[in-house]
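**Q** Since the structure of chain H is already known, use the hints to place chain C on it.
Read top to bottom, the protein sequences are chains H and C.
When we follow this note's numbering, the leftmost residue of the first sequence carries the number 1, and every step to the right adds one.
When we follow this note's numbering, the leftmost residue of the second sequence carries the number 1001, and every step to the right adds one.
Hint data in this document are derived by calculation from the structure and do not stem from the laboratory.
One or more of the hints may lead you astray.
Claimed, not checked - Chain H stretches covered by chain C per the calculated footprint, using a threshold of three residues with CB under 8 Å from any CB of chain C: (1) 20–28; (2) 86–95; (3) 137–144.
What the hints assert, rightly or not - Part of the chain C face toward chain H, derived, beta carbon under 10 Å: (4) Val1004; (5) Gly1008; (6) Ser1009; (7) Phe1026; (8) Val1029; (9) Leu1066; (10) Ala1078; (11) Glu1084; (12) Ile1096; (13) Gly1118; (14) Val1121; (15) Ser1122.
Unchecked claim - Quick list of simulated restraints, FRET-style, between CB atoms: (16) H:Phe16 to C:Phe1031: 31 to 37 Å; (17) H:Glu56 to C:Asp1034: 38 to 44 Å; (18) C:Phe1031 to H:Val20: 39 to 45 Å; (19) C:Ser1134 to H:Ser103: 49 to 55 Å; (20) C:Arg1107 to H:Met101: 25 to 31 Å; (21) H:Glu75 to C:Leu1038: 35 to 41 Å; (22) H:Tyr145 to C:His1041: 43 to 49 Å; (23) C:Arg1107 to H:Gln51: 56 to 62 Å; (24) H:Glu56 to C:Ser1134: 31 to 37 Å; (25) C:Ala1071 to H:Thr112: 16 to 22 Å; (26) C:Val1121 to H:Thr80: 42 to 48 Å; (27) H:Glu56 to C:Leu1160: 43 to 49 Å.
Ideal placement from N, C-alpha and C gives every residue a C-beta, glycine not left out.
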Amino acid sequence: MKARISKTAVTLFVSFGFLVCSAGALLGLGYFIETGATNLTATAQQIAYQQAQAGERFETSRIVEETVSERNELESYVLTEATVIDFISELEDTAARLGLMFSTQTISPEETKDPDFDLVRMDVAFSGPAGTVKRMIRLIETMPYASEVQTVSVGVDAGDVWRAEVVLELDILEYEE
Amino acid sequence: MRVVATYGSLIGFALAITTALLLPTFFHVRFQSDALDLSAHETSSEADDFAYVEAAIGRANAISELLIETAEHVPPSAVINEIEFLADSRALITTIDITTNAGAVSRVTMAGVAPDRGALVSFRDAVEAHEYFSAMNLPLSTLARDTDISFQVELTLTELLSAPQ
Chain H
1 MKARISKTAV TLFVSFGFLV CSAGALLGLG YFIETGATNL TATAQQIAYQ
51 QAQAGERFET SRIVEETVSE RNELESYVLT EATVIDFISE LEDTAARLGL
101 MFSTQTISPE ETKDPDFDLV RMDVAFSGPA GTVKRMIRLI ETMPYASEVQ
151 TVSVGVDAGD VWRAEVVLEL DILEYEE
Chain C
1001 MRVVATYGSL IGFALAITTA LLLPTFFHVR FQSDALDLSA HETSSEADDF
1051 AYVEAAIGRA NAISELLIET AEHVPPSAVI NEIEFLADSR ALITTIDITT
1101 NAGAVSRVTM AGVAPDRGAL VSFRDAVEAH EYFSAMNLPL STLARDTDIS
1151 FQVELTLTEL LSAPQ
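This is chain C alone, in the form it adopts within the complex:
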């Protein structure tokens, strides 16, 4: 029993010394861990400050996308000018209504008065020969009169008007 007690004491003593020797390691790990936790927290705070940069970039990207998506098309004013030019002495245009879709002219209707049937047909032929328009379908009823013919038509448009320039 004395031998067991002696060995027990010796082993216990050895373990106690080992424990004591490990104490500096324990404190070193502990202090390092605390220091790194603090550093990690500070770095995380810096990430929060980055939010304004992200917002600025996001806004610039959104505007750029919007402007890039805004394709150039034949403007309504160009269509008005061309119709006016084609009408010339052939007809007096009283109204022109233009509708666009996604920036491109998608529908053109107009009304006017032609001095006579020949002038109206000539105007129609000129319109149909233009690169913007493929057809101007005159109702037969408009051709019933010989002079001062009022007309109201919708023009059939070519793909040139819907294509980006």
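Excised from the complex, chain H in its bound form:
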């Protein structure tokens, strides 16, 4: 009788242990599946959002690639650190072609709050026949770069010979590589 009870108790114990283990495994697996499904849904939504953005990015990239020449033309209206030297040389060459005595007095950086552009102040002086001096002033005013004439001073040196001093501010495009 004692042996039977003991055997039944062992069976009951094993059965209970089996039940507990099975229930634990089922609950654990259920938890992992639930968590995984939630993450899966979130990731799928994220991917859907990213794919929608990727579509827009593709379209924007296409437009950017198609407008390379237009953007290059736009950039040609603004001097850069690389082209400002050429600009000064061009100005001096133009003055020489017109027969003017030309000199660059000062070139100094100015403070600016614009994050995309640096500001350079340039002071130039030239002298020669009145008509040519006026023509040079007009050329400086209308040159195809983002610039602003700050001051113009003209004076008569002798007879038809004028001298002029022009201070202009040049916007220099900053490049962020």
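**A** The following block gives chain C in isolation, referenced to the frame of chain H:
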């Protein structure tokens, strides 16, 4: 006790079978999740490649804004030409100083010599009648002499010079 043990075993067995049946679901969810994580990472990398496009657009926008803000005004050379034209035979202009503000002519001073008082007054009247200038205030001391009158004045400008063209 035997009955409880039997039922316990049966329920445990049922639970074990259910667990076994859920295993494929677990692995399916797991593999799908890994695959989507990889896909999400790749898409994120593509977004990083988009930085150059953003930079190009940003630069073009900055230049466009700068050029749009650059309004056309009456240039200093036009003011010089007009003063020279007005002076004509009335006065010899020796210096003209022009200052601009935001692209518009904001201050004009000039100096010169008039042959006589009448010519200087005539020059002043011509200047004040011009659309660019509203006044040319001659100091009385400049009118003290009869001939070869040196003068230095600042012109009062009309709104035409500050208005964008």
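**Q** Mind checking the CB of Glu1084 of chain C against every CB in chain H and telling me if the closest is under 10 Å?
**A** holds (8 Å)
**Q** Given Ser1122 of chain C as an interface hint, is its Cβ closer than 10 Å to any Cβ of chain H?
**A** violated (20 Å)
**Q** Hint validation: Ala1078 of chain C versus chain H, beta carbon distance must be below 10 Å. Holds or violated?
**A** Holds - the Cβ of Ala1078 of chain C comes within 10 Å of chain H, reaching about 9 Å at its closest.
**Q** Given a cut of 10 Å on the nearest C-beta pair, is the interface hint for Gly1008 of chain C held or broken against chain H?
**A** holds (4 Å)
**Q** Taking the beta carbons of Ala1071 of chain C and Thr112 of chain H, is their distance inside 16 to 22 Å?
**A** About 19 Å separates the Cβ atoms of Ala1071 of chain C and Thr112 of chain H, which means 16 to 22 Å holds.
**Q** For the hint 39 to 45 Å, verify it against the beta carbon of Phe1031 of chain C and that of Val20 of chain H.
**A** violated (30 Å)
**Q** In terms of beta carbon proximity below 8 Å, does the stretch 86–95 of chain H have 3 or more residues touching chain C?
**A** violated (count 0)
**Q** Please check whether Ser1009 of chain C passes as an interface residue: C-beta within 10 Å of a C-beta belonging to chain H.
**A** holds (4 Å)
**Q** Would you settle whether the hint for Val1004 of chain C is holds or violated, based on the nearest Cβ-Cβ distance to chain H being less than 10 Å?
**A** holds (6 Å)
**Q** Hint says 38 to 44 Å; check whether the CB-CB distance for Glu56 of chain H and Asp1034 of chain C agrees.
**A** violated (28 Å)
**Q** Would you say the C-beta atoms of Arg1107 of chain C and Met101 of chain H sit inside 25 to 31 Å of each other?
**A** holds (27 Å)
**Q** Mind checking the CB of Leu1066 of chain C against every CB in chain H and telling me if the closest is under 10 Å?
**A** holds (5 Å)
Checked against the numbered hints given earlier, the structure breaks hints 2, 13, 14, 15, 17, 18, 19, 24, 26 and satisfies all the rest.
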